[in-house]
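Each chain, written out:
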Amino acid sequence: MTMSVLDSKIPEGPLADKWTKYKNEIELVSPANKRNIDIIVVGTGLAGASAAASLAELGYNVKTFCFQDSPRRAHSIAAQGGINAAKNYQGDGDSTYRLFYDTVKGGDYRAREANVYRLAEVSANIIDQCVAQGVPFARDYGGQLDNRSFGGVLVSRTFYAKGQTGQQLLLGAYSAMNRQINRGKIKSYNRHEMLDLVLVDGKARGIIARDLVTGALERHSAHAVVIASGGYGNVFFLSTNAMGSNVTAAWKTHKRGAYFANPCFTQIHPTCIPVSGDHQSKLTLMSESLRNDGRIWVPAKLEDAQAIREGRLKPTDLAEEDRDYFLERRYPAFGNLVPRDVASRAAKERCDEGFGINKTGEAVYLDFSSAIMRYGKEKSLVMGIKEADQATIRRLGEEVVEAKYGNLFQMYEKIVDQNPYKTPMMIYPAVHYTMGGLWVDYNLQTTIPGCYAAGEANFSEHGANRLGASALMQGLADGYFVLPYTIGDYLSKDIRTGKISTDLPEFEAAEQAVRAQMEALVNANGTHPVDYYHKKLGKIMWNKCGMARNEQGLKEAIEEIAALREDFYKNVKIPGTTNGKNQELEKALRVADFLELGELFAKDALSRNESCGGHFREEFQTEEGEALRDDENFRFVSAWEYKGAPKDAVLHQEELIYENIKVKARSYK
Amino acid sequence: MKLTLNIWRQQDASSKGQFVTYSIDDISPDMSFLEMLDVLNNKLILQGQEPVEFDHDCREGICGSCSLQINGEPHGPDRLVTTCQLHMRMFKDGDTIDIEPFRAKAFPVIKDLIVDRSAFDRVQQAGGYVSVNTSGNTTDANAILVPKHDADDAFSAAACIGCGACVAACKNASAMLFTSAKVSQYALLPQGKVEATTRVLNMVKQMDLEGFGNCTNTGACEIECPKGISLENIARMNREYLSASLQG
Chain F
495 MTMSVLDSKI
505 PEGPLADKWT
515 KYKNEIELVS
525 PANKRNIDII
535 VVGTGLAGAS
545 AAASLAELGY
555 NVKTFCFQDS
565 PRRAHSIAAQ
575 GGINAAKNYQ
585 GDGDSTYRLF
595 YDTVKGGDYR
605 AREANVYRLA
615 EVSANIIDQC
625 VAQGVPFARD
635 YGGQLDNRSF
645 GGVLVSRTFY
655 AKGQTGQQLL
665 LGAYSAMNRQ
675 INRGKIKSYN
685 RHEMLDLVLV
695 DGKARGIIAR
705 DLVTGALERH
715 SAHAVVIASG
725 GYGNVFFLST
735 NAMGSNVTAA
745 WKTHKRGAYF
755 ANPCFTQIHP
765 TCIPVSGDHQ
775 SKLTLMSESL
785 RNDGRIWVPA
795 KLEDAQAIRE
805 GRLKPTDLAE
815 EDRDYFLERR
825 YPAFGNLVPR
835 DVASRAAKER
845 CDEGFGINKT
855 GEAVYLDFSS
865 AIMRYGKEKS
875 LVMGIKEADQ
885 ATIRRLGEEV
895 VEAKYGNLFQ
905 MYEKIVDQNP
915 YKTPMMIYPA
925 VHYTMGGLWV
935 DYNLQTTIPG
945 CYAAGEANFS
955 EHGANRLGAS
965 ALMQGLADGY
975 FVLPYTIGDY
985 LSKDIRTGKI
995 STDLPEFEAA
1005 EQAVRAQMEA
1015 LVNANGTHPV
1025 DYYHKKLGKI
1035 MWNKCGMARN
1045 EQGLKEAIEE
1055 IAALREDFYK
1065 NVKIPGTTNG
1075 KNQELEKALR
1085 VADFLELGEL
1095 FAKDALSRNE
1105 SCGGHFREEF
1115 QTEEGEALRD
1125 DENFRFVSAW
1135 EYKGAPKDAV
1145 LHQEELIYEN
1155 IKVKARSYK
Chain B
20 MKLTLNIWRQ
30 QDASSKGQFV
40 TYSIDDISPD
50 MSFLEMLDVL
60 NNKLILQGQE
70 PVEFDHDCRE
80 GICGSCSLQI
90 NGEPHGPDRL
100 VTTCQLHMRM
110 FKDGDTIDIE
120 PFRAKAFPVI
130 KDLIVDRSAF
140 DRVQQAGGYV
150 SVNTSGNTTD
160 ANAILVPKHD
170 ADDAFSAAAC
180 IGCGACVAAC
190 KNASAMLFTS
200 AKVSQYALLP
210 QGKVEATTRV
220 LNMVKQMDLE
230 GFGNCTNTGA
240 CEIECPKGIS
250 LENIARMNRE
260 YLSASLQG
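Those protein sequence lines, which keep their order, are chains F and B. Using my numbering, the first residue of the first sequence is number 495, and each one after it goes up by one. Using my numbering, the first residue of the second sequence is number 20, and each one after it goes up by one.
Calculated from the structure, these hints are not laboratory results. From a predicted model like this one, the values you see are computed outputs, not experimental measurements. Yeah, the Cβ is synthetic: ideal placement off N, Cα and C, and Gly gets one too. Incorrect hints may have been included.
Calculated lysine-lysine pairs in the DSS-like style (CA-CA distance at most 25 angstroms, straight line) [as the list claims (entries may be wrong)]:
1. F/K1030 with B/K62
2. B/K167 with F/K1033
3. F/K880 with F/K808
4. F/K1156 with F/K1141
5. B/K190 with F/K871
6. B/K35 with B/K190
7. F/K1064 with B/K167
So, partial list: chain F residues that the calculated Cβ filter (under 7 angstroms) puts toward chain B [what the hints assert, rightly or not]:
8. R567
9. K908
10. V1016
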């Protein structure tokens, strides 16, 4: 273990003044010079699209890359519940400091103070910006913006657009991109995948991308490269990520010298639709916003759980006293709105003890009946119906719940074929988000000069556990408000460089390496399709690097993944050639990188001898089964340097210093 | 379940395509339609054949990637769902299913079931935005009140996922529902009113340039739309267009 010190470049001065002072002191680039500077943005989700639009608007020449057929389809589109901002419109005690505090505490004291404070500081501006762009947020009857609550906080600071907030925010950022495309300031390369980063004299100067329609490899040069390609949850095969979500852009950047931070910090989201069979290709999230009104429970008696599993008993038949609302029981202060890691572990604990309620024994209930009756009663009173009967109250209540969560209920019914207004939803935790990612400093620059990482692709703001509705906030903060300043400071030294030639030997070498990897995969002509390997990898990850981890399992995982990777290159079967559209080849290139990342993930989890946030090591827990942090030995960011194989990766530590918040045991009781 | 599938196979944009028939069994009613195709593709790969290519990504009905004309209907027989959310319980054991790409002049086939929908992006680029600086300082979000009813209607229009089912459902391959959804979203909000005139003129002009057909009010688009985008949007766009033309 190397104890080198990473320079996070946090500005001097009091926490609340750092960002303002920083902005006042950075170097600027004149409008005339911006016209001669090129920037590549990889990924067009919230972070990438907002960065591309803002940088183009400032005057830089921007190229965007996405593997989807349109920037609008990036997976930010699927975010449901909302976006946090410290507006304090509700007057319930919110402030920049409180959002900062909640985020650091929610991340189990493994995030960098200065970055989190900046995020909280710019959060309010994001809402102003999105409203100005015409994002149709939910409003109350007075015409003002509405809010709701998310897990791990005691205020209502979440702005939303039904259960489609990510969609509306992404379409807002996409519209801002479109404005710049129309002006000729952004050129968008869709159905393109970045397959390598090109360094010239140690600086990021371009990428190798593959046109997924023609199969051709292309060289693109720039003065800076932004990696905004999202997270790596698909290393588990089954996750709530889109089928195409992948780690390739980030991983190739890592292999070119960028450190990869905290790969084992993964978020397992408590409320997803349970796995139904081996054919399953992905998992579907049911928004955390549902925990505003849904109560989570399992039967209190083992025999009742068994009867339900065998179809002899219905959940609606169970009396109130025979139900165990285990989150309300264990965490009375936060109840059903504890953070995601806490809620997920509690559900797993009940299911492991035999209280699971579906055929596989891996599901708990999310029940809306109390909320339906409560809302129905209120609405009947507002409507002037005195002493309404139960059926009327239920009908009115269902209408209120439908207005709030209609699209989610419809999605649930289409997938599970059960009506969640009449019987409780069945849910179980699933992989959803990755807090780890490319290590970045305060400027969001990786350890490669000129290479930046934004949104889920970087590691910085969420520590070991992300709070709900904070991913959208971070993606847009990075893109709209942080990168436009920090990249300018870097590029101010590049105004005399001129256009970067793609004929440089570095581009030639990178392109040849990509070509060789593709040929090797296609020529393997083995016996197993790509999915065979991806599913095997996913099983290892879920069983040994999932919600609970231990030393022995992690050691096994490291060996098993390395062996699987070797087998993959020998025995994978990819029909077709490297020319033209070939979706199996696209998948293979992504899985090849997951097979390397997975091993580093396990190595990282093995090296962190503590439990914190989403990283739960069975050896390190309190008597009550809560995560047991070790601040004396592990209050640092693990940043891994690539050295040829995941097993040889070298650990660098960034010590986390808390000057504005008291580090203590995280409690939601 | 055992099924017979007639699937459109086409090597690339310049090749001639044709239907190819496949038999498949061991299909569970709990599978999604795309998971059924995954099973077929796995089988084809093991037999040394090229799998059927189709667009898909989020598989939860929101990204708009998936398409497919299934037994003549965009996104298949169920209502208010995309193909990825269509489940095999909508079919019967022994059924024959025809699977084609979305058909429209403005959506050329790329390969098999994949079509090029970049015309939609270009329609948006022509005016589907509010010209506001993204990194600047704007006014407080609550400074301009928006009646809840308008905000809700704007949201309903903005829920369009850009999948192209409206075009594929229309006998004229018209993109009126798609274009009018974006025009409506901004027409209903104070932030969008400033540029309303140029927006509708430019977006409609681009829509025509892309080769989409005219609207003859059959309403097939509304029925097949997986997000329930209403025909009212087309009426609103026509009003906006007329008023803009008079001003212009």
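The hints, checked one at a time:
1. F/K1030 with B/K62: Holds: F/K1030 and B/K62 sit about 18 angstroms apart, inside 25 angstroms.
2. B/K167 with F/K1033: violated (47 angstroms)
3. F/K880 with F/K808: Distance ~32 angstroms between F/K880 and F/K808 Cα, so the pair is violated.
4. F/K1156 with F/K1141: Outside the cut-off at roughly 36 angstroms; violated.
5. B/K190 with F/K871: Since the Cα atoms of B/K190 and F/K871 sit roughly 48 angstroms apart, the hinted pair is violated (cutoff 25 angstroms).
6. B/K35 with B/K190: Roughly 22 angstroms between the alpha carbons, so the hint for B/K35 and B/K190 holds.
7. F/K1064 with B/K167: Distance ~60 angstroms between F/K1064 and B/K167 Cα, so the pair is violated.
8. R567: holds (4 angstroms)
9. K908: This interface hint holds because 5 angstroms falls under the 7 angstroms limit.
10. V1016: Violated, because the Cβ-Cβ distance from F/V1016 to chain B comes to roughly 12 angstroms (cut-off 7 angstroms).
Hint check: violations occur at hints 2, 3, 4, 5, 7, 10; the rest are consistent with the structure.
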